[in-house]
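Quick note, the sequences are listed as chains A and B, same order.
So that you can map any letter, position 115 of the first sequence is 115 in this note's numbering, and since no number is skipped, the others follow by simple counting.
So that you can map any letter, position 224 of the second sequence is 224 in this note's numbering, and since no number is skipped, the others follow by simple counting.
Quick caveat, the hints were computed from the structure, so don't treat them as lab data.
Bear in mind that the values here come from a model prediction, so they are computed numbers and not experimental data.
Positions of the beta carbon are idealized from the N, C-alpha and C atoms, including for glycine.
Incorrect hints may appear among the rest.
As the list claims (entries may be wrong) - Computed Cβ-Cβ distance ranges for the label pairs, DEER-style:
no., chain 1, residue 1, chain 2, residue 2, range
1, A, G118, B, R203, 24 to 32 Å
2, A, H49, B, N159, 29 to 37 Å
3, A, S6, B, G11, 15 to 23 Å
4, B, D228, A, S3, 36 to 44 Å
5, A, R95, B, L91, 48 to 56 Å
6, B, L185, A, G71, 43 to 51 Å
7, B, E241, A, P10, 32 to 40 Å
8, A, P102, B, R240, 19 to 27 Å
9, B, R64, A, P10, 28 to 36 Å
Stated by the list, open to error - Sample of chain A residues lacking proximity to chain B, with all beta carbon distances greater than 10 Å (derived):
no., residue
10, N94
11, T109
12, M111
13, M122
14, D124
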Amino acid sequence: MRSVISAPVPGLDLRREYGHHQSPAIRAGGLIFCSGMVAINPETGEREHGTVTSEAQRIFENLKLLLESAGSSLERIVQVHAMIYDRIEYDVLNRVYRRYVPNAPPARTVMSVQIEAGFKVMLDVIVAA
Amino acid sequence: MTLPRQVIRPGNPSLDASRRANLPFSPAVRGGDFVFLSGIAAIDPATGEPVHGTVAAETRQILRRLDQLLQAAGSSLANVVKVNVLIYSMLDNMNSVYREFFPTDSPARTVCGAKLIGGHKVEIECVALASATGLHPSADRLPRNVIQPANPKLNVSRNANLPHSPGIWTGDYIFLSGMGPVDPLTGGRNLGPIAEQIRQTLRNMAHMLESAGSGLDRIVKMTVVLADAGDYDEMNRVWREFFPMDPPARTTCALQLSNGNGVEIECIALAGKRPS
């Protein structure tokens with residue numbers, strides 16, 4: 001079974017806000033595959049560019065909303081592709097990251113890539129449903 | 001019970017660019033509920049030569065072959081759960097073409113800008129349900145366990161106090177964190193020639209998987225990050241030593257790495273036995 005997980009709040013529907021042709025997440029085979037998450041205001045859909053810390057915080061808060069609406073949680077994340085605009089901020093990312101996944105954190109690969117709309121962070125996650 | 005791992009080798013040569021170019025990865029690998037596809041770039045179906053075009057043209061060509069490859073694996077576009085798009089510049093986009101292929105209930109997706117191997121503008125990989133009815137009903141809540149290497153020197157995250165686990169085992173799969181050329185005796189980095197760095201990393205990966213009852217031969221999908229795209233051929237040479245037959249699906253890109261690492265590799269593997 002493959003089912004679409006829709007946005008729990010309007011701002012997290014990036015198709016509606018920005019025409020991204022994607023679902024917020026798909027549930028299948030006991031896993032949840034999320035679309036790449038960036039710092040978006042969950043109520044208004046407004047982009048919230050900031051520091052690595054503020055963007056990562058916003059992303060984790062949004063991810064929490066999304067996963068809990070689907071009956072899962074941050075503790076159930078299994079794999080993260082943590083994308084940052086420059087590896088020089090690796091330690092900065094780790095500091096905020098640690099607060100959200102303090103115990104038995106997910107497997108992770110940090111990648112420095114170009115992220116949409118000039119964001120500094122994007123998290124791409126797979127979660128146990 | 002050990003889940004079968006099946007390499008998808010379609011008869012149509014345009015769907016098997018790796019065989020034509022003798023590259024050591026499989027177009028797709030099926031195992032458990034999912035089929036994992038290697039990153040696909042635009043090639044000429046008749047000759048196998050790379051095709052360089054606009055983002056729209058490359059995307060259309062890629063998604064057509066992705067569709068055919070999924071069908072060869074017994075799946076379909078409608079079963080795709082996640083798409084990863086690598087694009088040479090985030091100022092360009094492939095949405096207008098992409099939309100034609102996923103008209104409704106579109107998959108989760110991540111798009112990022114990166115330098116691609118071979119001068120392509122777009123490369124696309126995906127994960128799809130192998131069939132519409134999976135092994136696990138949606139109601140299943142699978143256990144989630146951390147995996148640790150038997151050799152503590154290879155426990156990079158613990159030794160450096162980093163906020164990730166070496167690996168996570170859930171359901172039929174093991175997800176490993178990105179790994180580098182760590183010396184198993186000292187825990188330091190072996191920053192020698194790139195071939196040796198890759199060998200060291202793959203040996204460490206074997207150790208990590210074997211510590212959890214799995215192994216290199218159970219890997220379904222790998223993601224490789226090279227610091228230098230020019231090391232692609234050297235990587236393939238080493239790959240053949242480790243994966244002489246039925247290699248995993250694989251996507252490679254060139255990105256900035258830290259600590260002077262020339263390579264970082266992560267993988268998804270089938271667990272050795274299914275947890276009860």
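Evaluated hints:
Here the CB-CB span from G118 (chain A) to R203 (chain B) is close to 40 Å, at odds with the stated 24 to 32 Å. Evaluation of the 29 to 37 Å hint for H49 (chain A) and N159 (chain B) yields a pass: the beta carbon distance comes to about 35 Å. Judged by the Cβ atoms, the range 15 to 23 Å given for S6 (chain A) and G11 (chain B) is violated: they are separated by roughly 39 Å. For D228 (chain B) paired with S3 (chain A), a C-beta distance near 42 Å keeps the hint of 36 to 44 Å intact.
Distance hint check: the CB atoms of R95 (chain A) and L91 (chain B) are about 31 Å apart, inconsistent with the given range 48 to 56 Å. A hinted range of 43 to 51 Å holds for the C-beta pair L185 (chain B) and G71 (chain A), which are about 45 Å apart. Between E241 (chain B) and P10 (chain A) the beta carbon distance is about 52 Å. The supplied range of 32 to 40 Å is therefore violated. The hinted window of 19 to 27 Å between P102 (chain A) and R240 (chain B) is violated, with their beta carbons roughly 42 Å apart.
For R64 (chain B) and P10 (chain A), the Cβ-Cβ distance of about 35 Å falls inside the hinted range of 28 to 36 Å, so the restraint holds. With a closest Cβ-Cβ approach of about 5 Å to chain B, N94 (chain A) is found to fall inside the 10 Å limit, against its non-interface label. The Cβ of T109 (chain A) sits about 3 Å from the closest Cβ of chain B, inside the 10 Å cut-off, so the non-interface label is violated. For M111 (chain A), the shortest C-beta to C-beta distance to chain B comes to about 6 Å, within the 10 Å cut-off, and the non-interface label is violated.
Distance to chain B contradicts M122 (chain A) as a non-interface residue, since its nearest Cβ pair spans about 7 Å, not more than 10 Å. Consistency note on D124 (chain A): stated as away from chain B, yet its beta-carbon is not over 10 Å from all of that chain's, at 4 Å minimum.
Checked against the numbered hints given earlier, this structure breaks hints 1, 3, 5, 7, 8, 10, 11, 12, 13 and 14; the rest are met.
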